[in-house]
Amino acid sequence: MFSSAAKQEIEDIRTKYPNARAALLPTIYVAQREFGWLSSEAYDAVADLLNVPKATVRGVATFYAMYKQKPMGRHLIQLCTNVSCMILGAERLVDFLKITYGVEPGGVSPDGRFSLVIMECIGACGTAPAMLVNDDFHDNLTEKKLQEILEKYT
Amino acid sequence: MITITINDREIKLEKPVSVLEAARSAGIKIPTLCYHEQLERYGGCRLCLVEVEKMPRLQTACTLMVADGMVVRTETEQIADVRRGILEFLLINHPLDCPYCDKAGECDLQDLVEKYGPGKGRFKEKKRKVPESLQDPVIVRNMDRCIMCTRCVRMCEGLQGASAIAVINRGGHSHIEPFSSGRFDCEYCGNCVSVCPVGAIMSRLHRHSYRPWQVKEQYETVCPYCGVGCTVVTQVRDDVIKRVIPKLGSTVNNGMLCSRGRFGYEFVGSKDRLSVPLIRKNGALAEATWEEAITLVAKKLGNIKSTYGSDAVAGMASPRCTNEDNYVLQKFLRVAVGTNNVDTTARTGFAGAQSFIENIFGQGATANIISGLANSDTVMVIGGDPTTVNPILGLQIRACARRGGQVMTVGEFEGLRIFSPTKLLPRQFTETFLLEGIVTALREKKGLSGANAPLEGKIKSINVTAADVAAKSGVSEKQLAAYVDLLAAATTFSIVIGKETVQSIGGSYKLLLLAAITYLANGRVYLLSEKANEQGALDMGCAPDMLPGYRPVAYPEFTKKYGAVWHAELSEKPGLNLFEMIEAAEKGTLRAMYVMGENPVCNIPNSGRVEKAFKNLDFLIVQDIFLTETAKLADVVLPALGWGEKDGTFTNMERRIQRVKKSVQREGMEDWKIVAEIAKNMGYRMDYTKAEEVFHEIAKVSPLYRDLSYEDIEKGENIYPYKGEPLRDVKEDIQIDTSAVSAAAGKLYLKVERPLFHSGTMSTHAASLMNIYPHAVARIGAGRAKMLSLTEGDVVTVRSKAGALSLFIAIEKAGDDLSVTISNNFESKGAFRLADYTLDQVTKAPCIDAVEISIEKVTA
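In order, the protein sequence lines correspond to chains Z and P.
For the first sequence, the numbering used here begins at 1 and goes up steadily by one.
For the second sequence, the numbering used here begins at 1 and goes up steadily by one.
To be clear, the hints were calculated from the coordinates, so they are not data collected in a lab.
Cβ atoms here follow ideal geometry from the backbone N, Cα and C, with glycine treated the same way.
Treat the hints with care, since some could be wrong.
Straight line, CA to CA, 30 angstroms or less: simulated BS3-like cross-link-like pairs of lysine-lysine [said to hold, decoys possible]:
id, chain 1, residue 1, chain 2, residue 2
1, Z, K7, P, K247
2, Z, K70, P, K127
3, P, K560, P, K472
Here are some chain Z residues the structure puts well away from chain P; computed CB gaps all over 12 angstroms [as the list claims (entries may be wrong)]:
id, residue
4, S3
5, E9
6, D48
7, A55
8, M72
9, T81
10, S84
11, V108
12, C125
Kindly generate the complete structure, drawing on both the sequences and the hints.
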């Protein structure tokens, strides 16, 4: 079930769209934030609140890559390994994350702290390697800098 | 007039249609996969690409609308190339498992590849593998075979309105799945199965048991379940019904079916079927010959008749039997026995409600075309979820909502929930106040036209203010006003009334109020009908006071007229109705009963009482296809041929007479034939050789069916009024029963579930329906369950004054806290075991909405 604050937020979202289906995408985002990932309960909650069939909600959500279809860590690391980042050592950073935090691409660290998703270019080639942690942007990464940054996310 | 040219042929069109439809209307074939005439256009498969002059690229014929002067080519080198290419692409992943796939032989893809496809593909990569899903009891999914035409999804969402399946994921990973990703957990209409062009979604019922080309015979007949009377096609191999499919273009259901209609046919060949007569010897039923059984019945009935008089015998006809069966039974009772004691379980709701409404609006007032609901601008629903009682009628209401019509309900109906109807939710037992409030407000808004004086007299006497309604029912003045505004604005209004209203205390008064709303909003009435031939049984005169064609027995001119045709003197004394029969059996004045195709112990409220009454009879004859609870009490059990094994007619709730056809051969006699044999043994000859002859006689006797023949029916002369017989306008003074009851705090009440997956007890012999809904449960709201610390699957004892049941608990998230819902489909576990009743004084329907119950957990 949604918290009453989330319910209010969804109701506000709903007013911006002509019908319930149109409000699905932002509502699924709220559900993802509230439930951590799109569990069966999260889908149920969205379907109940918007009065849209469950199967339709799931169909819409699975179309997009940015929705979380499995449990995720508390913080999401989106690390780029595309050409520029790769040349400047992004793959070493991937190994570093695995050794230091035990998190593999597409996986969650055993303590549930981090999830790692490998990105295809986040538009920061000039200051590569780069990553996003949740909504924060970080660039010019080295192993040391990466660790310093991540220590801030508990 | 639009003129277009396709392949150098000029085609003239009245209306703008798609290029595909224009071509098909002229007999020009364009291959398609994702197109389906019932469904919304999609343009996804690209097979219907055509060349259109002055258009730079190839166009999809299914989505392109014709324009005057358009020049189209459908068979060019370029198009052949493209078709070959598309099919080659589809076959990258579609497995070539045709020898093993059930769809082979009726697979669109197979046919198209054979006709247009490449000889072989050039792709060496491995095919996508998705394991076959057998997690569902009824539907099997093979997503390897799916070609993503989305016909199933468009069907489920756009026509069925269940939205139970969706496209999951994207691009090459996409496939079709129900929400659970395993079991479907849906309405199980199977309409996705009908539209799947390949073998991706198929029925499990006939899996690997035959090939489409092995079907030698198929019969267009009528579904045996509810009063909608959908056309179904039975496909038969070696005298076994292998599959039931709908027919595109059929009048009532146009290619749609529900779970019962599509998957409920397995009772026909069930191993529980009765095949030899049984006679009670030394307290137990033992097998006997037909001769023994028939002579015994004739002798016993003869004895009882001569000792105690004709009225010591009664008969029960059946809304499951054909018109012919029912006609012969009532004739047998009236002529060979000499009594008007004949009735059906239609008396438990449909019969009384119909005659009540007809008394106000005239005969035939409830005979309205089902598809008219979809074209209404406003539909009001009360007293039952039409999507479970009469699913195909329910679809029409959903269609109305989808077309932008107003769907309004009193009460919450799960099947309409996602269509967001405008609803009023009065407190328990306050529906009457609410309806009075609606009538008062609607009268003030619309005024009276003076067309129906008796009804207007009643309407004038109703005066309940919105404030009163709010205080009593909890529906606010604002809500009520908005609701009435919508009713007043309706131009084509329909009202759908379910049995719960009829079977409630003060039911006839509620019906009057609903009739008033109908009258004020100038609408039509639909009465939900649970069984296939309720209407027909009544038309046939299976009522204690009416001869075939609703001619009252009490009028000597009618009894004389019918007597002359039947060569007998008929009794003018109205007989006992269903409930009076039970009372008379209890008192011992009724000595013998002939029950045909009915299971009264289960289907009449207060089963325990019925059972006791039946045990009190001297002689009980039960004629059925299964050894029902009632048959187990019988002195003689006569096995009959059932649906699918005999010819005849059903009359649906629209009063459409339709042919029921024999699909499989089985040894035995039809119901009418058994009755005729007994009549013969009692000295009254009934020399019918086939059902059609019985129908000839019906058409001769009944003014309703005047001169109709089987040929007329097949030609479409089958909808009321038949051959233009005028309506009889019988406006008599309107009687009502204004009994009322008020809710006691904290009490639990019984609610009867009318499930989608079962109908009567017949469906419990259909294996697939049993897989979907396997046993009786007591449904309870989550709040109440918590209060009683019950969890899903707990065993409880539910008790009422009438009896007790031991059931599993099922928790309903959205259920209310005032009731426990139990279905009446499982023998000895039916809700009617608990349902003590009082009768409505006017409709004579049993009121079972105020049965107090208690619930307690059984500790292991």
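Run the structure past the numbered hints and jot down the numbers of the failing ones, going up.
Numbers 1, 3, 6 and 7 - these are the hints that the structure violates, sorted from lowest upward.
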